[in-house]
Amino acid sequence: MRKSLLLAVLVILGSFAFAQVKIGVNLELSGRFAAIGNQTLNGIKVAHMQMPKVIGQEVQLVICDDETTREGSIACAQRFVNEGVVGVLGAISSSMSIPAAEVLQDAGIIMISTSSTNPQTTQIGDYIFRMAYTDDFQGKLAAAYVVKDLGAKRVAIFRQIDDDYSYGLAGFFDATAKKLGAKTLVQDYVANTVDFTAQLNNIRGFKPDAIYYSGFCAEGAPFMKQLREQGFTQQVVGADASDDPQCPEGAGAAFNNWIFTGFATPNLIPDPEAKKRAEAFKAKYFASIKNAKPGDFNGFVLAGADSYNVLVAAIKKAGATDVKAVRDALANMEHYPGVSGDITYKGTDGTPKDRTIGFYQYKVKSANDWKKIELFGKSTAEVQ
Amino acid sequence: MAASKITSRSTIISLLIGAVFVVLLGARINSLENYTFARVVQDFLNALTLGSLYALIALGYTMVYGIIRLINFAHGEIFMLGSYFAFYAMTLTPLPWAISLLVTIILGGTVLLVLRSLFNLEEPKRTFVLSLVIFGGTFFLLTFRKLGWVEGLTLSMLATGVAGVLLEAIAYKPLRGAPRESMLITAIAASFFLQNFGQLVFGARVRGFNAQTILNKPLNFHIGPETVYFTGILVVVPLITALLLWVLNLFVSRTRLGKAMRATAQDAEVAQMMGVNVNQVIALTFFIGSILAAAAGVMYAIRFGQIHPLMGLMPGIKAFTAAVIGGIGSLPGAVLGGLLLGFIEIYVVSLFPTLSAYKDVFAFVLLILILLFRPSGLVGEDLTEKV
Numbered sequence: 001m002r003k004s005l006l007l008a009v010l011v012i013l014g015s016f017a018f019a020q021v022k023i024g025v026n027l028e029l030s031g032r033f034a035a036i037g038n039q040t041l042n043g044i045k046v047a048h049m050q051m052p053k054v055i056g057q058e059v060q061l062v063i064c065d066d067e068t069t070r071e072g073s074i075a076c077a078q079r080f081v082n083e084g085v086v087g088v089l090g091a092i093s094s095s096m097s098i099p100a101a102e103v104l105q106d107a108g109i110i111m112i113s114t115s116s117t118n119p120q121t122t123q124i125g126d127y128i129f130r131m132a133y134t135d136d137f138q139g140k141l142a143a144a145y146v147v148k149d150l151g152a153k154r155v156a157i158f159r160q161i162d163d164d165y166s167y168g169l170a171g172f173f174d175a176t177a178k179k180l181g182a183k184t185l186v187q188d189y190v191a192n193t194v195d196f197t198a199q200l201n202n203i204r205g206f207k208p209d210a211i212y213y214s215g216f217c218a219e220g221a222p223f224m225k226q227l228r229e230q231g232f233t234q235q236v237v238g239a240d241a242s243d244d245p246q247c248p249e250g251a252g253a254a255f256n257n258w259i260f261t262g263f264a265t266p267n268l269i270p271d272p273e274a275k276k277r278a279e280a281f282k283a284k285y286f287a288s289i290k291n292a293k294p295g296d297f298n299g300f301v302l303a304g305a306d307s308y309n310v311l312v313a314a315i316k317k318a319g320a321t322d323v324k325a326v327r328d329a330l331a332n333m334e335h336y337p338g339v340s341g342d343i344t345y346k347g348t349d350g351t352p353k354d355r356t357i358g359f360y361q362y363k364v365k366s367a368n369d370w371k372k373i374e375l376f377g378k379s380t381a382e383v384q
Numbered sequence: 001m002a003a004s005k006i007t008s009r010s011t012i013i014s015l016l017i018g019a020v021f022v023v024l025l026g027a028r029i030n031s032l033e034n035y036t037f038a039r040v041v042q043d044f045l046n047a048l049t050l051g052s053l054y055a056l057i058a059l060g061y062t063m064v065y066g067i068i069r070l071i072n073f074a075h076g077e078i079f080m081l082g083s084y085f086a087f088y089a090m091t092l093t094p095l096p097w098a099i100s101l102l103v104t105i106i107l108g109g110t111v112l113l114v115l116r117s118l119f120n121l122e123e124p125k126r127t128f129v130l131s132l133v134i135f136g137g138t139f140f141l142l143t144f145r146k147l148g149w150v151e152g153l154t155l156s157m158l159a160t161g162v163a164g165v166l167l168e169a170i171a172y173k174p175l176r177g178a179p180r181e182s183m184l185i186t187a188i189a190a191s192f193f194l195q196n197f198g199q200l201v202f203g204a205r206v207r208g209f210n211a212q213t214i215l216n217k218p219l220n221f222h223i224g225p226e227t228v229y230f231t232g233i234l235v236v237v238p239l240i241t242a243l244l245l246w247v248l249n250l251f252v253s254r255t256r257l258g259k260a261m262r263a264t265a266q267d268a269e270v271a272q273m274m275g276v277n278v279n280q281v282i283a284l285t286f287f288i289g290s291i292l293a294a295a296a297g298v299m300y301a302i303r304f305g306q307i308h309p310l311m312g313l314m315p316g317i318k319a320f321t322a323a324v325i326g327g328i329g330s331l332p333g334a335v336l337g338g339l340l341l342g343f344i345e346i347y348v349v350s351l352f353p354t355l356s357a358y359k360d361v362f363a364f365v366l367l368i369l370i371l372l373f374r375p376s377g378l379v380g381e382d383l384t385e386k387v
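Chains X and G are the protein sequences, given in the same order. Residue 1 is where the first sequence starts when you use my numbering, and the numbers rise one by one after that. Residue 1 is where the second sequence starts when you use my numbering, and the numbers rise one by one after that.
Because the hints were derived from the structure by calculation, they are not lab data. A portion of the hints provided could be inaccurate.
Stretches of chain X that chain G covers, calculated by requiring three or more beta carbons in the stretch to come under 8 Å of a beta carbon on chain G [what the hints assert, rightly or not]:
id : stretch
1  : 69–82
2  : 169–176
3  : 198–206
4  : 318–327
Derived DSBU-like pairs: lysine-lysine, alpha-carbon spacing no greater than 35 Å straight-line [claimed, not checked]:
id : chain 1 : residue 1 : chain 2 : residue 2
5  : X       : Lys365    : G       : Lys125
6  : G       : Lys173    : X       : Lys290
7  : X       : Lys275    : X       : Lys365
Quick caveat, the model's predicted, so the values are computed rather than measured. Every residue, glycine too, gets a C-beta built ideally from N, C-alpha and C.
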């Protein structure tokens, strides 16, 4: 009796002394998307360093690795429900974000996916937000670029059929490309495919002018190697999943000239104020992350940082860690000055209003000697 | 009487299924547009390469199963280790002489110890010559120049063979008398351990394996107006698989150690009573099986251009399936199963493009069908015990 009383006093005292705001971080830190997951985590960590406190309390990041599996992501979400976090940042991919979002929506916990682009993610409920644009926009832009700018009349599309992101994006691309008058041929593969020779043989008769690949680097590297070996010289266009050093590092010179859409880097952000903030953040990033390679800084880092920033801003505005109040503050957020651009959630389903997509191209000499050049940026406001 | 009736009925059924299958396939090929002869040849070459790779991994599976009736689930991870060893041998060389000396002593010493215990090299003169060759050779290879794929492959095969023997000594040997399920679970645990160990030591990121070798050289040829694209590796992989199968068959059927292996496979206890050193035979099996896995790992890495710590998982499962289809325990069966799997994977995608995501389903449906009609695999001996 006395012991438990003592314990209770200690717990109460402890909670006063170490009042903490807990924020969950659910990311792909190992497994197939490990590279992007760790970039995002670094972004969140640097943002945390810049703003370690909110409403007078320390912010504690509870980091959970979902190992790039759906089960892992659900387990992380359930852990956060038990730990009583205010909100969860991540996951990066749609396939891991959607199952976690279902758990967190049911439990009434805020989730901000850093880079899930499948439109479905934020439609799961009112507690689910994202930092990215959606794939209908990304697919539309990419298709317009391939058909109009590259002048392709016949486009072969490769999609990973067991991934929500890749499958959805390929669909939007296909629809827009057809609308613009191009002929398309879709080829499917599954996660961890390494042999693409049969699919490549299938598109040989179709004689494509360009190839669109909506998948990830784990499969993209062997894909590109075989594509070039099999005598295809066409331009290949990918999406934000190829904004990952594993692509050029995995395939080496075969990846040269690959064009892809992705989160805008500081140079491509049109708003000069936002650009300045992004540049400042970039400097801070390289000052705080040890051994950071230049190729490791990209839009995923900015998205990670901003997911932390908006959640902390919402807590500050709500003035409490009451989840409902924080959610309302987040849902009514207007023109938050984020490092990835201006962020407005008011009147949307949880997708920020004005996002910028960058077009990039890889210039690869070898696996260790490559760079990413920035072509141009397009913002959602400008297109719609 | 009743038995033969059943057999003749199942033969008729399988013949009927086969006939329907062939007719459907023919109709399908006819109905496809643009499926020219050049594309048929291209698909055939691709399937042959993929199938040979599976066969090479399946050989190791089947050998271990044949001797100690253990499905070594860690075989896929041994395969991964093989590709990483070759990767480091080919990218880090030439090493500074001090480091190279250290590596030589560690690697050469272990190799020497393992080789001595495997092949009964007790004679001092022989040991001396062998150690000179191994230490001198390793040091020479590591110190002076960048290794090519042949030297990388050789070094990796040796190192992986040793890793396989160590795995056996640490994980399986203490369980020799235990129920078979314990060994099976240990094998799964070893597989998980090596995957995570790989992520820790080699890093979780994908690495490019882009050594420009003669194997990547394009050797395209023309059929009419169309080109068939293929590279050196499409020739080398089936050749290496055929060669290794031949050498293994010779080894198992003609040599003393091979005889000891067969005796152990039949009955380990009786073999031991007859003076066969069973521990040595089992270690040797793991050594050879791991060498085959390393060869497959290096070929796989050169073919697909990337390696990562989890790369052994899918090929491991596929090769296991191949070994079961062919009849686990049988060497030619493993090669047959591997080739069959490779051909199915390629031809499902090219004949039924809309079903290409389900190519694995076809492979596993085939597995079920074969197990229904021939429970011991295509060329497997009839075994009453199965894991």
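Status of the hints after comparison with the structure:
no.: 1; hint: 69–82; in the structure: violated (count 0)
no.: 2; hint: 169–176; in the structure: violated (count 0)
no.: 3; hint: 198–206; in the structure: holds (count 7)
no.: 4; hint: 318–327; in the structure: violated (count 0)
no.: 5; hint: X:Lys365 with G:Lys125; in the structure: 51 Å, violated
no.: 6; hint: G:Lys173 with X:Lys290; in the structure: 44 Å, violated
no.: 7; hint: X:Lys275 with X:Lys365; in the structure: 30 Å, holds
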